[in-house]
Amino acid sequence: MTGLQDRLTPEQVEEFGRELDELRQRIVDDLGEDDVAYIKRIIKTQRGLEAAGRALLFAGFFPPAWLAGVGALSLSKILDNMEIGHNVMHGQYDWTRDPALSSQRFEWDNVAPAENWRHSHNYIHHTYTNILDKDRDVGYGILRIDPDQKWHPYYLGNPVYAVLTALFFQWGVMLHDLEVDRLVKGERTWSEFADVRARIVRKAAQQLGKDYVLFPLLTGPLAPLTLAGNASANLARNLWAFAVIFCGHFPSDVESFTEEETERESRGQWYLRQILGSANLTGGPLFHVLTGNLSHQIEHHLFPDIPSRRYPMIAPQVRAICAKYGLPYHTGPLHKQLFSVAKKIVRLALPGSGRAADPEPTTLERDRDLKAA
Amino acid sequence: MARLTALAERLLTPHGLDRYLELIDPMLVRREIRGEVTDVRRQTAGTATLTLRPSRAWPGFRAGQHVRVTVDIDGVRRTRCYSPACSQYGGLLELTVKAEPHGLVSRHLRDAAVPGMVVGLSEPDGDFVLPARRPSRVLLISGGSGITPVLSMLRTLADENHDGEVVFLHYARQAKDVPYRAELAALAERPNITVALACTRSDDGDLRGRFSAEQLGAVAPWYRHAPAYACGPAPLLEAVGAHYAAEGLSEQLHTEAFTAALTVPDPAAAGGRVRFTRSGAETENSGRPLLEQAEEAGLRPEHGCRMGICLSCTQLKASGTVRDIKTGAVSGEEDEQIQLCVSVPVGDVDIHC
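Chains A and B, in that order, give the protein sequences.
Heads up: the first sequence is residues 1 to 373, going by my numbering.
Heads up: the second sequence is residues 1001 to 1353, going by my numbering.
If you're looking for bench data, these hints aren't it; they were derived computationally from the structure.
Don't take every hint at face value.
To be verified - Covered stretches of chain A, as calculated for chain B (at least 3 residues, CB under 8 Å):
| hint | stretch |
| --- | --- |
| 1 | 98-108 |
| 2 | 131-142 |
| 3 | 312-324 |
| 4 | 334-343 |
What the hints assert, rightly or not - Label pairs and their computed distance ranges (CB to CB):
| hint | chain 1 | residue 1 | chain 2 | residue 2 | range |
| --- | --- | --- | --- | --- | --- |
| 5 | B | Glu1238 | A | Pro99 | 32 to 40 Å |
| 6 | B | Lys1176 | A | Arg18 | 49 to 57 Å |
| 7 | A | Leu67 | B | Glu1009 | 26 to 34 Å |
| 8 | B | Arg1134 | A | Pro99 | 35 to 43 Å |
| 9 | B | Gly1241 | A | Asp21 | 49 to 57 Å |
| 10 | A | Pro99 | B | Arg1053 | 46 to 54 Å |
| 11 | B | Gly1103 | A | Asp30 | 19 to 27 Å |
| 12 | A | Gln25 | B | Glu1247 | 26 to 34 Å |
To be verified - Examples of chain B residues toward chain A, derived with CB under 7 Å:
| hint | residue |
| --- | --- |
| 13 | Leu1011 |
| 14 | Arg1077 |
| 15 | His1243 |
| 16 | Cys1305 |
| 17 | Cys1310 |
| 18 | Leu1311 |
| 19 | Gln1337 |
C-beta: ideal position from N, C-alpha, C; glycine also.
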């Protein structure tokens, strides 16, 4: 018996899974106009901010206009990628049958093509969440983020890689889909990724074309300012997305799993793994929207295809179910979680598990240690 | 202008110009086709006649064709086919919608349509059309709400000042169920147009009773030497078809069936055939999820988690009914995106895969 499966008896897991299935069904039955009105309002806000941001940069010679333009464009890109793109591409609005809200057709304001991202994120990450060697989001093939990843001198650069990942996050996501780390190691061949590569080239050309060529040219003599403004907005989105996403699975109390302990998982066990492997962020309503409601990472991982505005509504019920079964419900403010992640990244740059420094070893880790001993 | 549009599309990538224009006014879209309701008439108790002004991408239609109309009802986009009843000239569209007792879209349109409402439209489709060289004599037969495409043909011929003989034979239960009676009477004033109304349950028509060879002979004695266009409920089309077949005239008869409300088969009984329309593969429905059935048929559809989470296997279901094994929901919508891994066919289905 392994730690993950030891948490609850098989009967409890089944009951627990059933309760979550019922919760999901209640939401699904209730979906309707309000959910569509919500996402359409967010889309309208995003498009409005985008138009305002682009327009303000035409007056970029006036510093407050430049700053406001960059602010509006940053918010536009954040909303587009997080609350709109990420969630629409999860199929949260496929039930509306609106092609503009279809997971298969939506494309986001990001260099990573939607189709590539849907595979690596919706399938690999959401199915194999936090399973070492299967979930490629564990360290993204770049970082050592889990003590069970074998140390290598390469990881001495862990903090530097993390900073670079944050700065160039959208490019990191794009290369992640290409599985560059595996290509370098020779585990995959270039020819396997011909389609993925073709999509990347096309999408990157379109994104670079508008942000770094067309809009700057349109502003004439202000071109350098516009280019700098667009780059700043992309950077702001990169930093924000990095911060939110790294806090979803990497804070120190979040657990990871092995392939063996997750074999032949039932639906209840899969739910259990999603809860143990995710962490929420606390904050106000605006904060939640700007994180794309990934501040409700636990609810999102349980029900990735339910409209994100529902996550805060069901969070108290999910938390109550966790309490009922004695399961942890990881949550904390952004600054605290981010600090926890940063500490971990620095610690894991060096050999060893860094476990001794863990504030409170979780049940799972204790079990694993016992087993190892 | 075309260059400006191309530049705007590049500037507004990846969403594209329409997604911004529609926020200013839903009718400004350039690529998508939409229609704005400009007038609503309620001619009979069960129907609403909508006049629509199509958006700029509308290519026009030929009399007899149909168009897919989409509306959002409680957040869900629904699509139904309607044949315009107006002449193909004039640039407007006129749809007469009969509210079916269980018809979600038809009842919504009858009750909620008001001027200013915007609906989605498709390009027109269908080959139930008159030949480009108009025949010297034409017989038009319709029943119930099947009146619309043949009325469109009649009005189009009238707009063309076509001088060949046209007989318009329409079947209804009783005269008061028939929309467009005033228009039909006005058209019948023309020397070359005859309108005959046959009532199956009352005596207030020109003829009484269901379709028969005698009625046909009475209104269009020359029918053996002219093309016929018929649209209506299945029993009428069967009767007309049988008569034409018996006389060896099937090639002259062109028909368009309008589908009645879908009957949802019993989900417990697996049966029917699964057709994968893109690959041409076909298999007996085994009652297993469609992804498995596709794989057993030798296809390799894109997929991921196989448990209804990742949406990698979403494909278009062209027709048929499926049951979602995650939720138990049964859906018979046409042109619906479904997840192959958690959808089990109930009876015949066509998957675009």
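Going through the hints against the structure:
no.: 1; hint: 98-108; verdict: holds (count 7)
no.: 2; hint: 131-142; verdict: violated (count 0)
no.: 3; hint: 312-324; verdict: violated (count 0)
no.: 4; hint: 334-343; verdict: violated (count 0)
no.: 5; hint: Glu1238(B) - Pro99(A): 32 to 40 Å; verdict: holds, 37 Å
no.: 6; hint: Lys1176(B) - Arg18(A): 49 to 57 Å; verdict: holds, 56 Å
no.: 7; hint: Leu67(A) - Glu1009(B): 26 to 34 Å; verdict: holds, 29 Å
no.: 8; hint: Arg1134(B) - Pro99(A): 35 to 43 Å; verdict: holds, 38 Å
no.: 9; hint: Gly1241(B) - Asp21(A): 49 to 57 Å; verdict: holds, 50 Å
no.: 10; hint: Pro99(A) - Arg1053(B): 46 to 54 Å; verdict: violated, 22 Å
no.: 11; hint: Gly1103(B) - Asp30(A): 19 to 27 Å; verdict: holds, 24 Å
no.: 12; hint: Gln25(A) - Glu1247(B): 26 to 34 Å; verdict: violated, 58 Å
no.: 13; hint: Leu1011; verdict: holds, 6 Å
no.: 14; hint: Arg1077; verdict: holds, 4 Å
no.: 15; hint: His1243; verdict: violated, 41 Å
no.: 16; hint: Cys1305; verdict: holds, 4 Å
no.: 17; hint: Cys1310; verdict: holds, 4 Å
no.: 18; hint: Leu1311; verdict: holds, 4 Å
no.: 19; hint: Gln1337; verdict: holds, 6 Å
Hint violations for this structure: numbers 2, 3, 4, 10, 12 and 15, all remaining hints satisfied.
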